[in-house]
Structures are given as C-alpha cells and as structure tokens.
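J.: The chain contents come next:
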Amino acid sequence: DAMVIQNPRYQVTQFGKPVTLSCSQTLNHNVMYWYQQKSSQAPKLLFHYYDKDFNNEADTPDNFQSRRPNTSFCFLDIRSPGLGDAAMYLCATSREQGWGYTFGSGTRLTVV
Amino acid sequence: AQSVTQLGSHVSVSEGALVLLRCNYSSSVPPYLFWYVQYPNQGLQLLLKYTSAATLVKGINGFEAEFKKSETSFHLTKPSAHMSDAAEYFCAVSDPSNQFYFGTGTSLTVIP
Chain A
480 DAMVIQNPRY QVTQFGKPVT LSCSQTLNHN VMYWYQQKSS QAPKLLFHYY DKDFNNEADT
540 PDNFQSRRPN TSFCFLDIRS PGLGDAAMYL CATSREQGWG YTFGSGTRLT VV
Chain B
8 AQSVTQLGSH VSVSEGALVL LRCNYSSSVP PYLFWYVQYP NQGLQLLLKY TSAATLVKGI
68 NGFEAEFKKS ETSFHLTKPS AHMSDAAEYF CAVSDPSNQF YFGTGTSLTV IP
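Top to bottom, those sequences are chains A and B. Numbering-wise, the numbering used here puts 493 at position 14 of the first sequence, and it's gapless, one number per residue. Numbering-wise, the numbering used here puts 17 at position 10 of the second sequence, and it's gapless, one number per residue.
If you're looking for bench data, these hints aren't it; they were derived computationally from the structure. Check the hints yourself; a few may be wrong.
Stated by the list, open to error - Listed next, with one range per pair, are the computed distances between beta-carbon atoms:
{"#": "1", "chain 1": "B", "residue 1": "THR62", "chain 2": "A", "residue 2": "ASP530", "range": "28 to 36 Å"}
{"#": "2", "chain 1": "A", "residue 1": "SER518", "chain 2": "B", "residue 2": "ASN68", "range": "45 to 53 Å"}
{"#": "3", "chain 1": "A", "residue 1": "ASP530", "chain 2": "B", "residue 2": "SER10", "range": "26 to 34 Å"}
{"#": "4", "chain 1": "B", "residue 1": "SER91", "chain 2": "A", "residue 2": "ARG587", "range": "17 to 25 Å"}
{"#": "5", "chain 1": "B", "residue 1": "SER33", "chain 2": "A", "residue 2": "ASN549", "range": "35 to 43 Å"}
{"#": "6", "chain 1": "A", "residue 1": "GLN493", "chain 2": "B", "residue 2": "GLY23", "range": "46 to 54 Å"}
{"#": "7", "chain 1": "A", "residue 1": "SER551", "chain 2": "B", "residue 2": "THR62", "range": "34 to 42 Å"}
{"#": "8", "chain 1": "A", "residue 1": "SER501", "chain 2": "B", "residue 2": "GLY23", "range": "37 to 45 Å"}
{"#": "9", "chain 1": "A", "residue 1": "ARG488", "chain 2": "B", "residue 2": "THR58", "range": "30 to 38 Å"}
{"#": "10", "chain 1": "A", "residue 1": "PRO497", "chain 2": "B", "residue 2": "SER33", "range": "33 to 41 Å"}
To be verified - Here are some of the chain A residues that sit facing chain B, going by a computed Cβ distance under 7 Å:
{"#": "11", "residue": "ALA521"}
{"#": "12", "residue": "PRO522"}
{"#": "13", "residue": "ALA566"}
{"#": "14", "residue": "LEU569"}
{"#": "15", "residue": "GLY579"}
{"#": "16", "residue": "PHE582"}
{"#": "17", "residue": "SER584"}
{"#": "18", "residue": "GLY585"}
Heads up, the beta-carbon is just placed ideally off N, CA and C, and yes, glycines get one too.
Can you build the whole structure from these sequences, using the hints too?
T.: Structure below.
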C-alpha cells in the first residue's frame, strides 16, 4: 500500500545532541510537511517542501532544519535539542498544497 | 487567515449514544474541510473531507459530517459510539491560498 513511513517510532536523545528523524513516502506526492505536536495540542507546522522548494514557517526555531534529497525522502534535523523540543513529530504529504494530507505514524522524541 | 474552532476540548458519550463533535470555520469562501482522528501515539488518519460536492459527507468507521455554509459549520457525527472511537479528533480547513489550518482538537471518551 502507498504510505508515509516515519522512522524511528520512538527516539531518545540527550540534551544538546543532534538528532535526525526520517520520513519516506511511496505516494509520489509533491508536498512534504513536518509538524511538531506537543501533548494535547494541535499539530504545528514547522516547514514544508513543494518539490525542492523549501518553505520555513516564520516562527520555526533555527534549531530545526530539513532536507529533501529526493521526492521520496525528507529529514528533520534538530541541531541542539532542548527539553522543550520533546514532542511527537509528524510527517505528512499531499499531492498539492491545501489538499488533504496523508500522515505518517509519527516519531515520539524524548530529550533527556 | 482562517480560523477553525472546535467547541469542547473534551466530549464524553456513553457507548451506543450519538457522537457530535463541533467545528466552525471562518471564511467567506467555501473552503475544503477535513476531519482527522488520532489514536494515542499515532499519526493523524483522514476520516472524511468536503471538497464542494455533496454537503453531507460520509467517511470511514460510520462517521459523517454536514457542511452548512449558512452556519460556517462542519460538525462530525456518528449515530452510535463504539469503545474503539475513543481518540482525539481534529477538524481542519484549507483556504483558497492553499494554507492548511487545524482546530485545537476534541478528545472523545466513550463510557461503557
């Protein structure tokens, strides 16, 4: 089945130690998104790629970066994780912006 | 910018009772509207979407939603709640500029 896969499902990292989360898709969608979701809150958009064009939300901290080496893969890099970065990170794709999203299962990040 | 309001951050219903989750949006132009469900430690799964076709939209798991332009509402209903329906539900809207907005979510508890 076509899908969005996030690895790992659970990630524990040390305070200040760089960490990378990965997302892959078999849907061949143009747009890939990274969302941060903290407990009992709605997902918050960090950035998205339309094809190779990177779009950063204005309030996304510089500590967060992203790479999309090809259509299928997108990575979220957190350069120096702080305790406040502990959250669920959701990857999503859509054929075009504004269409319905297909979400991955998420990566739960814990910072110790 | 759009706003999406979900009335009631927590809703409890008895098993077998009607489920009604409320969503209102702000827009002078009919947008696309979505309902997503999120189970614990999972990504978001699309329940249903309205894209300017029929105003009554049927989705998965017995859910449906009715688009009411005069009320700017898109409430989610299910005639008979099951224990497996316990989850977080998010209403979302995309506007003509292709921006996507989530509501703050409603946590549904089903009481045996």
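J.: Each hint should be assessed against the structure and marked as holding or not.
T.: Structure-based check of each hint:
no.: 1; hint: THR62/B with ASP530/A: 28 to 36 Å; in the structure: 34 Å, holds
no.: 2; hint: SER518/A with ASN68/B: 45 to 53 Å; in the structure: 24 Å, violated
no.: 3; hint: ASP530/A with SER10/B: 26 to 34 Å; in the structure: 29 Å, holds
no.: 4; hint: SER91/B with ARG587/A: 17 to 25 Å; in the structure: 22 Å, holds
no.: 5; hint: SER33/B with ASN549/A: 35 to 43 Å; in the structure: 38 Å, holds
no.: 6; hint: GLN493/A with GLY23/B: 46 to 54 Å; in the structure: 48 Å, holds
no.: 7; hint: SER551/A with THR62/B: 34 to 42 Å; in the structure: 37 Å, holds
no.: 8; hint: SER501/A with GLY23/B: 37 to 45 Å; in the structure: 42 Å, holds
no.: 9; hint: ARG488/A with THR58/B: 30 to 38 Å; in the structure: 32 Å, holds
no.: 10; hint: PRO497/A with SER33/B: 33 to 41 Å; in the structure: 40 Å, holds
no.: 11; hint: ALA521; in the structure: 4 Å, holds
no.: 12; hint: PRO522; in the structure: 6 Å, holds
no.: 13; hint: ALA566; in the structure: 12 Å, violated
no.: 14; hint: LEU569; in the structure: 6 Å, holds
no.: 15; hint: GLY579; in the structure: 5 Å, holds
no.: 16; hint: PHE582; in the structure: 4 Å, holds
no.: 17; hint: SER584; in the structure: 5 Å, holds
no.: 18; hint: GLY585; in the structure: 5 Å, holds
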